[in-house]
Amino acid sequence: MLTFGCLTLNKNIEREYFTQIAKKGRLFGFEVFCFSPADIDPKTELVHGKKYNPETENWDHSIFPIPTYIYDRCFYSSEDVLKKYGPIVQWMKNRKDIFFIGHGLPNKWKIYNELSSHPILKYYIPETIKAESADDIFNVLKKHKKIILKPENGAQGRGIIALSMKGRKIELITARHKKIIRKIFSKKDDLKKWLTQLLNVHSYLVQEYLPLHDEEMRPFDIRIFMQKTENNNWQELGRGIRKGIEGYIISNLHGGGTVEKFENFLRTVDRKKRQLLLEDIETIVTHLPQTLEQSFGPLFELGIDIGVAKDGSVWVLDTNSKPGHKTILLTNPAISEQLYSAPLTFCKQMDLQRS
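The numbering used here puts the first residue of the sequence shown at 69, with every later residue one more than the last.
Any given hint could be a false lead.
Restraint ranges, calculated between C-beta atoms of paired labels, are given here [to be verified]:
1. S201 to R244: 17 to 27 Å
2. D419 to K91: 12 to 22 Å
3. E284 to R342: 16 to 26 Å
Calculated directly from the structure, the hints in this document are not laboratory data.
Only a predicted model underlies this, so the values are computations on that prediction, with no experimental measurement involved.
Even glycine gets a Cβ: it sits at the ideal position worked out from N, Cα and C.
Please work from the sequences and hints to get the whole structure.
Structure representation (structure tokens):
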């Protein structure tokens with residue numbers, strides 16, 4: 069049988085998702101495994117991970133060769149974690165006997181430089197700078213009065229910070245463990261010291277803070293989920309509205325946000341603005357996946373986060389090659405069978421093309 073591996077840094081985070089895929093393994097002629105880069109023995113190159121048992125419907129501890137087809141769902145929570153496990157993943161990608169269904173995307177700065185130079189997509193990309201020093205951040209804050217800092221290698225909304233000028237004071241807002249953290253800096257030197265320490269540990273990007281809130285002052289965005297068909301063509305599986313908690317910076321579900329159907333949101337939009345919004349989304353969906361693939365290599369799925377400002381302007385907030393599936397499953401449960409089968413269907417087609 070063919071071998072399919074779910075690659076993850078934490079086997080519990082997406083356990084149910086991996087299990088649903090594994091249940092379909094036998095139907096497509098696959099043995100399904102789950103493992104972490106840390107599970108690979110560097111001497112034998114064997115994996116000490118888990119193998120799905122279709123008879124018991126359990127994941128059993130097992131020792132096995134690295135699977136031929138790998139679905140990379142590793143989320144790097146920090147640059148240290150990336151440095152620790154990234155080289156192992158890259159080593160597997162470089163092997164000619166192992167095939168990844170999508171090679172992922174680089175950091176946000178590289179993505180920004182690519183999209184901001186695109187003749188069409190550039191109009192949807194917020195102006196961004198890389199913070200080399202605290203002074204870089206202060207310069208943007210002085211210009212816009214309210215800004216947002218995003219980790220260059222961030223994922224799942226971690227580490228995002230908002231700074232806003234309040235008279236002679238500066239307010240900092242961030243979130244940790246689903247709790248809002250606010251801090252007021254009365255002296256610029258105190259904030260400069262804090263930012264310098266932050267930049268010594270993490271790389272950050274700086275943007276103007278865009279007014280992307282609903283009437284209840286809850287941050288919201290449109291998550292569009294795209295995936296490759298077995299014929300290597302892009303298709304949209306669905307879109308939904310993600311709303312954050314009032315006072316939060318972003319609408320990320322990991323921060324306690326909620327999901328609503330896109331159609332419900334669309335009915336609240338003025339008819340003229342509605343048509344323009346749909347046209348803008350269609351432009352983004354048409355050009356963005358191909359542009360990223362041309363620049364960074366093959367992808368399998370893509371989460372595109374789109375913000376709509378009060379003035380109707382549309383912005384690409386983030387692109388994620390390892391998107392979560394909660395939004396699409398909550399807004400369209402009927403898509404579940406297709407969603408769980410897609411990685412195996414794609415690999416099966418890859419195998420046919422290779423043979």
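Query raised in the report: So which of the earlier hints does this model not fit?
Result: Every hint satisfied by this model.
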